[in-house]
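My request is simple: use the sequences and hints to build the entire structure.
Protein chains in written order, with the working numbering: chain A, 1 to 395; chain B, 1 to 395.
No wet-lab data here; the hints were simulated from the structure.
Where chains are identical, the list cannot tell them apart; a pair therefore holds if satisfied intra-copy or between any two copies.
Straight line, CA to CA, 25 Å or less: simulated SDA-like cross-link-like pairs of lysine to any residue:
hint, residue 1, residue 2
1, Lys150, Gly165
2, Lys20, His120
3, Lys150, Val235
4, Lys115, Ser126
5, Lys115, Gly342
6, Lys150, Arg181
Protein chains: 2
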Amino acid sequence: MTDVTEGLRREIPARIERLKAVLRASGIDGALLLHAVDLLYHSGTRQNGALWVPASGEAALLVRKSFQRARAESPLAGVRPFPPGRELSSLLSRCPRIGVCFDVTRVSQLDWWRKHLPGHEFVDISAQLRGLRSRKSPAELEQMRLGGRKLAAVIGEIPSFLRAGMRELDIAAEIEVRLRRAGNEGSPRLRSPNLELFTGLVVSGEAGAETGAFDGPVVGRGLSAAQPVGPSERVIRTGDAVLVDYTALFGGYLLDMARVFVVGTLEAELTRAIEVSLAIQEEIVPRLVPGEVPAELYDLAADRAEAAGLAPYFMGVGDDASRFVGHGIGMELDEFPVLAPGFDEPLEEGQVVALEPKFVFPGRGAVGVENTWAVTRAGGEKLTPLADGLVRVPT
Amino acid sequence: MTDVTEGLRREIPARIERLKAVLRASGIDGALLLHAVDLLYHSGTRQNGALWVPASGEAALLVRKSFQRARAESPLAGVRPFPPGRELSSLLSRCPRIGVCFDVTRVSQLDWWRKHLPGHEFVDISAQLRGLRSRKSPAELEQMRLGGRKLAAVIGEIPSFLRAGMRELDIAAEIEVRLRRAGNEGSPRLRSPNLELFTGLVVSGEAGAETGAFDGPVVGRGLSAAQPVGPSERVIRTGDAVLVDYTALFGGYLLDMARVFVVGTLEAELTRAIEVSLAIQEEIVPRLVPGEVPAELYDLAADRAEAAGLAPYFMGVGDDASRFVGHGIGMELDEFPVLAPGFDEPLEEGQVVALEPKFVFPGRGAVGVENTWAVTRAGGEKLTPLADGLVRVPT
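Here is the structure:
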């Protein structure tokens with residue numbers, strides 16, 4: 001076990017206490033956590049089962065499979081095999097009002113619990129859970145720094161293999177194999193329904209301006225209507241904007257970053273748009289401090305895009321453009337806070353955002369920059385350490 | 001667009017008609033499909049939105065993003081932008097009883113629809129949907145044959161790079177990069193909550209006997225408690241059983257297969273267990289015909305394991321052993337039918353199962369075989385064409 005992993009494990013009891021405090025403040029008698037990521041955060045294991053956290057009293061991790069592994073992985077005292085229905089009812093008997101994350105729980109799952117716990121009221125605690133998770137501890141930030149260095153190192157290797165004539169898919173394969181050897185654990189976890197991403201995007205030329213279901217400014221063509229996001233078989237040509245946008249998962253924590261590459265020379269307007277992206281990043285990063293308002297940072301970015309005459313291309317095109325310039329990231333890719341209209345809760349120390357000012361030019365390509373930043377009192381701390389700006393690869 | 005893709009598109013209207021017939025037979029006025037895979041199957045696109053299929057009348061695909069792409073991808077006539085709430089209520093006004101898949105729909109999603117469609121009753125149609133999807137059409141089988149040849153070709157290359165001294169993770173990376181170059185679209189879609197698999201398993205020696213949350217006989221150590229499935233950093237040694245179990249996704253359809261490799265010589269009992277796995281496969285495959293009962297095929301496999309003196313190792317160890325010997329596969333990895341106790345509905349032509357007789361020896365390793373088979377009148381058709389049996393790699 002690494003020092004970072006041990007540090008994360010040591011935080012579990014404090015996480016449970018923070019959750020209990022939130023439950024008491026909301027007048028809820030206990031939380032029933034059923035989603036793997038919510039279990040992992042609050043118990044240190046994502047084995048299958050349910051984590052019961054009463055507002056007062058000891059948490060119980062009820063394990064379906066594997067009990068043995070859950071007990072080895074979790075520092076909690078109350079790890080036990082999943083009990084029969086009547087014991088569940090007795091365990092929760094003094095807690096009429098139970099919090100469940102309605103955003104991730106399936107209807108059939110909640111129906112099962114309603115049947116086994118008649119007389120209880122179930123209320124949604126999704127927002128509270130997401131709020132708790134948005135503030136990262138020092139150990140979480142250290143895990144993200146480790147992961148960010150690994151992801152940035154792989155993105156830094158791209159000029160060594162990117163050539164005209166390769167398919168987007170070939171470049172993706174080269175990135176993914178390097179990430180995997182470095183220990184990438186898998187695809188990004190996404191909390192929202194129907195959001196899917198294998199690991200990242202390689203999009204080039206006009207394929208970079210393809211719109212689609214994925215909830216981001218850049219989507220890509222993908223390989224078929226069945227998986228319409230990410231790299232396609234399009235062949236990279238000299239002069240194409242090649243936007244590479246990748247996630248990686250290390251020790252349960254995600255990182256997210258993007259850079260633009262070109263073989264030869266990029267057309268002037270797209271080159272200028274990258275400079276505008278960098279200027280937006282440069283202006284927002286010092287304001288990633290506690291107290292700044294996410295919605296205002298979005299407005300600032302949109303204003304700068306407009307002042308540069310690039311409003312029609314900012315964060316996508318037309319009705320399909322994204323209305324955010326950054327998103328929270330941690331155990332999931334779609335965490336709080338979002339730098340978007342409506343997000344008026346001030347930033348807090350320890351929050352982490354992927355800031356991604358991007359421009360999409362129909363028929364021509366997608367450009368921009370993305371890094372993962374921690375909110376600190378001194379401004380954003382870059383967790384994805386690599387030079388920003390257009391990367392030119394010789395023809 | 002390939003011929004196969006075009007063939008799949010042409011089936012969409014017939015799939016809608018089959019769904020309508022099921023709704024009428026169940027006394028349900030219409031189906032509201034919200035899950036991306038369910039949309040894809042019934043509309044030809046997995047853009048974001050909802051597919052409304054009335055028991056009588058024209059289907060409407062209501063698209064949030066991207067409308068343009070959904071219209072290009074779907075052969076349905078009724079593709080339209082997602083309407084405001086009052087239009088939804090008018091669209092569904094004559095349909096008081098609405099079917100929704102409770103197994104995949106989030107509580108918050110259903111609450112949204114309940115709010116916008118007051119006075120309607122929502123009932124679960126998960127089992128009906130899964131039943132419809134379990135029988136593959138000729139075009140679906142052709143797509144799976146194409147995918148199976150690609151997956152089998154990559155698994156066939158393993159002896160060219162597998163060496164003692166590599167980590168499980170290094171072998172996984174070599175497999176995954178080859179699958180990706182061949183067009184693998186991503187991670188397997190899993191319908192059950194909290195099931196996650198990046199793409200496959202490489203497990204070796206005693207790490208092959210690690211139990212865990214994943215719902216299968218073999219799990220692997222994984223890279224951390226955050227992703228406790230699949231390859232670890234364990235180094236392969238001469239004589240280890242190296243079980244490689246991979247999925248691949250082509251054109252929206254999954255394939256699944258496993259083989260065992262050894263550098264040098266495998267111990268006698270594990271070698272014999274592979275032969276028992278092959279004998280079970282050989283006995284079941286001719287019975288993958290319409291009319292055979294899945295539960296009886298499971299019993300047959302369990303009986304053969306017991307007769308061979310291998311019952312304690314069959315499909316896992318102790319309480320964590322899996323109670324199935326095969327699973328349906330198609331757009332999702334956990335489809336119907338399951339070759340398991342309780343599955344008494346006879347097999348039907350066109351169903352596809354991944355048959356995976358395996359044995360797990362604590363402290364020593366996991367072995368077996370897995371192929372994807374279509375149910376035909378002449379017995380199972382192998383969709384993953386590669387020699388079965390232990391593969392020996394010279395030291």
